[in-house]
Each structure stands twice: as structure tokens, then as C-alpha cells.
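Generate the whole structure from the sequences, applying the supplied hints.
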Amino acid sequence: MNAIDIVDELAVWLAGILDGYKLLNKNGILQEIRIFRQYIPQPQGITFQDTERGLKGYDESDYEANFPCVIVKCGELTDKEENRLDMAGVNIKLLFGVYDASSECQGWRDICGMMDKVRYHVLMDRILARKYMLRMPVMSGLVEADTWPLYFGEMKFTMEAGRPRRPHDYVYRSEVYR
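In this text, residue positions in the sequence shown follow our numbering: the first is 386, and each later residue adds one.
Worth flagging that the hints you see were computed from the coordinates, not collected in a lab. Heads up, some of the hints might be wrong.
Below, simulated BS3-like cross-link-like pairs (lysine-lysine); rule was C-alpha separation at most 27 Å, straight line [said to hold, decoys possible]:
#1 Lys516 / Lys411
#2 Lys516 / Lys458
#3 Lys541 / Lys458
#4 Lys478 / Lys407
#5 Lys502 / Lys411
#6 Lys411 / Lys458
#7 Lys541 / Lys478
#8 Lys478 / Lys516
#9 Lys465 / Lys541
#10 Lys516 / Lys541
#11 Lys407 / Lys541
#12 Lys407 / Lys502
#13 Lys407 / Lys458
#14 Lys502 / Lys516
#15 Lys502 / Lys478
#16 Lys465 / Lys502
Shown next, in the form of C-alpha cells:
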């Protein structure tokens, strides 16, 4: 089991689920939803310089160009018991983001639409890449912080995967295998 593999498999799976699903970007053009692993990419190059205060940085518009998007994030990994049947758990968070600068503030509707589509497939498929299995519950909701013109939602669940097994005659790490 490798958390990186689970994130990569989920990103590929999400790209298939959301293929053809388009939302407006910050320029008002329909755009396919971008899938990122763990973080939104950093902007390329410095977009503003304040020589008076010696500041360099990025403008918000550089980040806004990444929306609409879903970010696949790997969280905590858990191993429960020493039981041979127990699986390792990888907590996953999907962050959904859209840009909507309209005065109607309807970006939350786009978020809910994306989350409903993904949630349906998560609950129907339950097994990812024939290796990883969904562990209930699946929790999702809107992020309540006021981040206008960006809107966010999140979905959390755990994927179960195999874990390394010790040989059956293994006693302690300091002893030699028999």
C-alpha cells in the first residue's frame, strides 16, 4: 500500500468521472475541471513587485486561474490491530473549488453539483483500481468561510489498502528470521 498510489489513482479516476463536466472560469469561459494532487501549483514567475517596501509575490489572479478544480489530498494513514485481516486506512480529502465573481454568489451551486456527481460514483464504485476499498462514512459539505469570489467544498472518506505482513514465525525485530 502506498498513499501516493492512492492519490494518483484517485486523480485519474476523478478525471474520468468529471470528463466533459465544464464550469465557467474567471474569464467567463467554460473550462473542464482541473485535477490536482495535494496542492494547487504555484504560479510561474513573480507578478508584482513593490520596490518601495521590497516585496515580491503573486497576485490572487494567478491562483484563480486554476479554478474550477478538485484537489486530491492525502491525510492520516492508520493501522489498527495486529490482526492479519485488518487493512491500513488512508484518509482522503477532496477539495472542490470554483470561481464565481457574480453578485448572485451562486458558486456554491457549482460546488454542490460537482460533489453530488463525485459522491454518487464514490458510493457506487467503492473499489478503486481493483486494489483499494472505500470505508464508510463519506462526509461532504460546503466550506463556510467567506472566500468570495472563490467557493469551496470538501469530501472526506477513507480508502482501505493492504499493509506489509510479517512472516508468521517472526518474533521480535531484534531477532533473526527463522
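Now the hints, each set against the structure:
In summary, the hint linking Lys516 to Lys411 is not supported, as the alpha carbons are separated by about 38 Å, beyond the 27 Å threshold. Restraint check: the Cα-Cα separation between Lys516 and Lys458 comes to about 19 Å, which is no more than 27 Å; the hinted pair holds. The suggested pairing of Lys541 with Lys458 holds, with an alpha-carbon distance near 10 Å, which does not exceed 27 Å. Between Lys478 and Lys407 the CA atoms are separated by roughly 22 Å; this keeps the pair inside 27 Å, and the hint holds.
Between Lys502 and Lys411, the direct Cα distance comes to roughly 22 Å. Compliance with the 27 Å bound is thereby established for this hinted pair. Simply put, Lys411 and Lys458 have alpha-carbon atoms about 24 Å apart, close enough for the 27 Å limit, and the pair holds. Of the supplied pair hints, the one linking Lys541 and Lys478 holds, its CA atoms being roughly 5 Å apart against a limit of 27 Å. Our distance criterion of 27 Å between C-alpha atoms is met by Lys478 and Lys516, whose separation comes to about 19 Å.
For the proposed pair Lys465 and Lys541, the alpha carbon gap of about 19 Å is at most 27 Å, so the pair holds. A threshold of 27 Å between alpha carbons decides the hint, and for Lys516 with Lys541 the separation of about 19 Å falls inside it, so the pair holds. Taking the CA atoms of Lys407 and Lys541, the gap is about 23 Å. The hint holds against a cut of 27 Å. About 13 Å separates the Cα atoms of Lys407 and Lys502, which keeps this hinted pair within 27 Å; it holds.
For the suggested pair Lys407 and Lys458, the alpha carbons sit about 22 Å apart, so the restraint of at most 27 Å is met. Straight-line distance between C-alpha atoms of Lys502 and Lys516 comes to about 22 Å, which keeps the hinted pair within the 27 Å bound. Taking the CA atoms of Lys502 and Lys478, the gap is near 16 Å; set against the 27 Å cutoff, the hint holds. Only pairs whose Cα atoms come within 27 Å are accepted, and Lys465 paired with Lys502 is rejected, the gap being roughly 31 Å.
Violation of the numbered hints given earlier is confined to hints 1 and 16; the remaining hints are satisfied by the structure.
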